[in-house]
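Visitor: Here's the letter readout for the chains.
Number of protein chains: 2
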Amino acid sequence: MDNFKFHAYTEILFGKDQIQQLPMVLAPYGKRVLLAYGSGSIKKNGIYQTIQNLLKDFELIDFPDIEPNPHLTSVERGAKLCRDHKIDVILAVGGGSVIDCSKVVAAATFYEGPAWDLVMDSSLITKALPIVTVLTMAGTGSEMNKGAVITNTETRMKKGTGAWVTIPRTSIMDPTYLMTLPEKQTAAGSADIFSHVLESYFKSTPDAYIQDKISEGILQTVIKYAPLALKEPHNYSARANLAWASSLALNGICGSGKNGSWSVHPIEHELSAYYDLTHGIGLAILTPSWMRHILNENTVDKFVDYGLNVWHLSPSSDKFLVANQAIDATEAFFKSLNIPMTLHEVGIDQSKFELMGKRAVELGGLHYAYVPLNLEDVVEILKACA
Amino acid sequence: MDNFKFHAYTEILFGKDQIQQLPMVLAPYGKRVLLAYGSGSIKKNGIYQTIQNLLKDFELIDFPDIEPNPHLTSVERGAKLCRDHKIDVILAVGGGSVIDCSKVVAAATFYEGPAWDLVMDSSLITKALPIVTVLTMAGTGSEMNKGAVITNTETRMKKGTGAWVTIPRTSIMDPTYLMTLPEKQTAAGSADIFSHVLESYFKSTPDAYIQDKISEGILQTVIKYAPLALKEPHNYSARANLAWASSLALNGICGSGKNGSWSVHPIEHELSAYYDLTHGIGLAILTPSWMRHILNENTVDKFVDYGLNVWHLSPSSDKFLVANQAIDATEAFFKSLNIPMTLHEVGIDQSKFELMGKRAVELGGLHYAYVPLNLEDVVEILKACA
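Residue numbers (the working numbering), protein chains in the order written: chain A, 7 to 392; chain B, 7 to 392.
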C-alpha cells in the first residue's frame, strides 16, 4: 500500500428533510451567502423556494446559470460576485458542475491573477471561501472532495484542479431530491460513480486489498440500484444508496494508498471539452474499449477479480474468458441504462481523435496510468468506440 | 436507509515515516503538548525518543501509565496536567486506551464538575482540547472517531462517551509501528475490528446495502490479513491493511444510516469492567454464542448473506445450514488467531453473570439491539461461553 493522506472532512447531513439544518450550518460563516445553481431546475422542483424561506435571516446573492462542464467565464463571474458583495460563504445547490464551479470561485475570490491560473496550477490555491452544498444529482462525488473540473471554452481545454481548502464544509444529501432527475442524468451519474471506482480499482499497487474490497462493494451497489432508480424513480432505497455511493466512490476511500494517474477520465475530458458531451455518458462509452485495449497477460488477473467479485461470474481455468465476460458485462450494464454506447450516436466523428488524444496524454498524465497509454493507444481506444 | 450525520474529519497521515510531519501537524495548536502514552512500550520501540527529537521546539509534558481499559482516575490525572500546564494540544501515542483516555481528558480540562459526568452524559461535552494521535496498535478505531470508553474502578462501571469535538484532528498511522506488537494484541485488535463491523452489519435497517457491502469488504480484509500478521509480524501489507481496516470499521462508514444499539460490545464491557479482560478477547469469546442465540427465522437471511459474501460458503437450500456454517467459521477464525474461546480459560466463572447481564442491558440499551436482548438472553449467552 502506498503512503497517503486522507482528509475527507466534509460533514454529511444525509436523509429526508436535512435541508432544515441549513440555517444552523451556514450561521458560523456569516450572513452573506452566494447561492450558486445551474439552469434553474431548483426553481421548478421547489428547492430554491425552500432555501429562500429557510434563509430569511441571510443575505442571498444569486449566482445562476452555471452550465454543465462549467466554464471559466462562470468562475470569473462568480468570483466577481463574491468580491463585489463581500460574500462569507458559497451555497452550491446542484450537481458536480455547480459544486466544481463553486470550488474554483471560492479560491479565485482571493486570487489576484486570472482564475485560469488556479486550474493550471492547483498549488496556487491557498485560500478559499467556505463551501456548503445541497446535492441535487448523484455522480461526481464533488460534494465530498477537493476536485473541480473547469472548461476554458476559448482554448477548448477541460482540466481538473483543487486543494484541501476547497473541500465542502457541509453537504446536505436528501435522496428525495434525486427522484425528479431526468433519466439521462440518473444513468450518466451512475456511470460516473462506476468509473470513479474503476479508476482506482485498476491501479498497479499490489496490496491495497481493503481499498479493492470496498471498491467492489460500491460497484455492486451501483449495479443493483442504478437500474432500479431508472425503473422506479421514486424508490428511496435506490436513490439513497446511489447518493452515498457517489460520495464514497471519490472521497479517497477507494483511491488513497494507490498512486498513479487515472485512465478513462483524461480521455473523456477531451470529448466533453470539444463536444460538450455529458461526462458520465462519455465515460460509459470509453470504458469497455479501454478495458479491451489494456487486457493482457499482466492485467488479466485483475480483470478476473473484477469479474468474479463484482459480476459474480463463474470461475474458469481460462482467465481471458472470465476477463472478457467481465468487460462484456460492463458494456451490457451501461447499455441497460439506455446509454448510447458509440461516439457516433452522440454526434462525435473521427476528425479530432488525434487532437484529443494528444491532449489527453499531455494533460492527463496517461504515461502514469495503470497501463501507460500513449497517443496511439488513445486513438485506438477512440476508434474502437467510433 | 436511516438519516445520518457523518463527519469523520480526522486527517489521516498513513504510511512509513509519516511521523516526520508531526511538528507541522502540531504547530497550529501551540507549543504546549501533553504527551499521553501507556505502559512505556513506546520507550522500548524508540517512538518516544523519535518524538522527543522531532519536537525539540515544543514543550512536552509527559502523561504516562494510561492503563488498558483506561480508568477514570487517569482521566482526572490528565485533566489536572492540562490545566496546570496550560496545555494547547494532546498528543496521544498508543492504541485505543490511550486515545480514549485522551479524548475525555481533552473534554474534562474544560469541565468544572467531576469528569465522570462526561462519561455518564456525553451531551455535557461541548469543548475539548485538540487531539493528535500516533497509532501503535490497530483495533479500536479510536483514531478516527469520537468514541471513548472509560472504566470507573470504584463502581466497576465501564461506559462509552464522546462528542463531535473529541474526534482526533490528525492521526499518524505508520504500519511499521505495529510490527512489534505482542501476538495477543494483534489477535485482540483484529477481533475488535471484526466485531465493530459485525455490530453495524447486524442491524435491522433493510436497505443499507452499500454499508453492508463495504462491511463485507472490511471483514474479508481482516480474515485475510490477521492470520498473516500473526505468521509474519513484519509483513507490511498485512499491517497496513489491518491498520486502515481499524479506522474504516468504526469511523461511521459501516454504521451510518443504520440505527439501533450494538449487541456484543455492551456485554463485553461488563467482562472488562469486572475482570479487566482484554476487550478484543472478550468480543471474540462472546460473538459466536451471541450469533447462535439470535439465529432464528427472522435473522437467518442475514446470516446467509454473511456466510456467502464474507466466508464464501457454498449456497444451499437449507438456510440454517449455511448460517450455522458461517457462525462456525467465525469461531474457527478467532481460534486460529490463538484466542482462548471460553470464559473459563480467561479466568471468569459464572458468579457475576446476573450482575453483568443486568448492567449490560441497562447501560448498553440492549432492548434496541438487532435482536433485542433482556437479562435472560445475556445470561444465556454468557453461559454458552462458560
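Among the hints, a few may not be true.
[Unchecked claim] Capping the alpha-carbon separation at 20 Å, the derived lysine to aspartate or glutamate pairs in EDC-like fashion look like this:
no., chain 1, residue 1, chain 2, residue 2
1, B, Lys230, A, Asp23
2, A, Lys230, B, Glu17
3, A, Lys133, B, Glu17
4, B, Lys230, A, Asp8
5, B, Lys230, A, Asp71
6, A, Lys22, B, Asp311
7, A, Lys230, B, Asp213
8, B, Lys11, A, Asp23
9, A, Lys230, B, Asp311
10, B, Lys22, A, Asp23
11, B, Lys237, A, Asp213
12, B, Lys230, A, Asp311
Calculated directly from the structure, the hints in this document are not laboratory data.
Visitor: Find the hints from earlier in the document that the structure breaks and name them by number, from lowest to highest.
Guide: Checked against the structure, the hints that fail are numbers 1, 2, 5, 6 and 10, while the rest are satisfied.
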